[in-house]
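Residue numbers (my numbering), protein chains in the order written: chain A, -9 to 105; chain B, 49 to 161.
A few of these clues could be false.
Calculated lysine-lysine pairs in the DSS-like style (CA-CA distance at most 25 Å, straight line) [as the list claims (entries may be wrong)]: (1) K48(A) - K67(A); (2) K92(A) - K12(A); (3) K67(A) - K104(A); (4) K110(B) - K59(B); (5) K119(B) - K92(A); (6) K92(A) - K126(B); (7) K110(B) - K92(A).
Chain B is faced by these chain A residues, among others (derived, beta-carbon under 7 Å) [stated by the list, open to error]: (8) L34; (9) N91; (10) F95.
None of these hints come from the bench; they were simulated from the model.
Quick caveat: nothing in here was measured; it's all calculated off a predicted structure.
For glycine and all other residues, C-beta sits at the position ideal for the given N, C-alpha and C.
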Amino acid sequence: AQSVAQPEDQVNVAEGNPLTVKCTYSVSGNPYLFWYVQYPNRGLQFLLKYITGDNLVKGSYGFEAEFNKSQTSFHLKKPSALVSDSALYFCAVRALIYNFNKFYFGSGTKLNVKP
Amino acid sequence: EAEVAQSPRYKITEKSQAVAFWCDPISGHATLYWYRQILGQGPELLVQFQDESVVDDSQLPKDRFSAERLKGVDSTLKIQPAELGDSAMYLCASSPDTLALPFFGPGTRLTVL
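Make the full structure from the sequences, and use the hints.
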């Protein structure tokens, strides 16, 4: 079965400090992995994706994510957090099911960046 | 920049009433998705269209939910009758095809009293 796990409901970090939001996945076949961000009462916005190639993927707003096949993880990172990064972050995996691609989302991690 | 449009943005209704949500995908996007996001959870796919055809509605509660995309462009999701447990954010997304990244609309927040 395909699934995505985000083990932390909430991550707190001080502004200027590095941040990590964790994601692990389970998928048959090659994983296609994504991170989205959601601000209050808004839809999901795409941040970055891993399809193939370099394990370190760079995305929007200074975010990056590291794909680790052996640990089946795709953690989101940023070297220096901003207060404006405070939002809800979702990890997602795309899987081919009966010849159609389906996206599975994690339960989300609320990031709180304090001044 | 093209966006997915949804209306209404907010809907309050009483249980047993009927509600309908509308989605206009990005022009040219063949794939359209309806997701339900319960507070504190990730989006859950309700139904996926490829043009006007339903390709996945395995998680759609068909006794009360229906979805259509008659001309393969905009789409309507209906709930009849609404139940308290239907309170959630309903997100529409679209993509050029099933391989491409979905772009999400702002969502409709439904509250059932």
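Here is what the structure says about each hint:
no.: 1; hint: K48(A) - K67(A); in the structure: 10 Å, holds
no.: 2; hint: K92(A) - K12(A); in the structure: 21 Å, holds
no.: 3; hint: K67(A) - K104(A); in the structure: 17 Å, holds
no.: 4; hint: K110(B) - K59(B); in the structure: 21 Å, holds
no.: 5; hint: K119(B) - K92(A); in the structure: 23 Å, holds
no.: 6; hint: K92(A) - K126(B); in the structure: 22 Å, holds
no.: 7; hint: K110(B) - K92(A); in the structure: 20 Å, holds
no.: 8; hint: L34; in the structure: 4 Å, holds
no.: 9; hint: N91; in the structure: 4 Å, holds
no.: 10; hint: F95; in the structure: 4 Å, holds
Of the numbered hints listed earlier, not one is contradicted by the structure.
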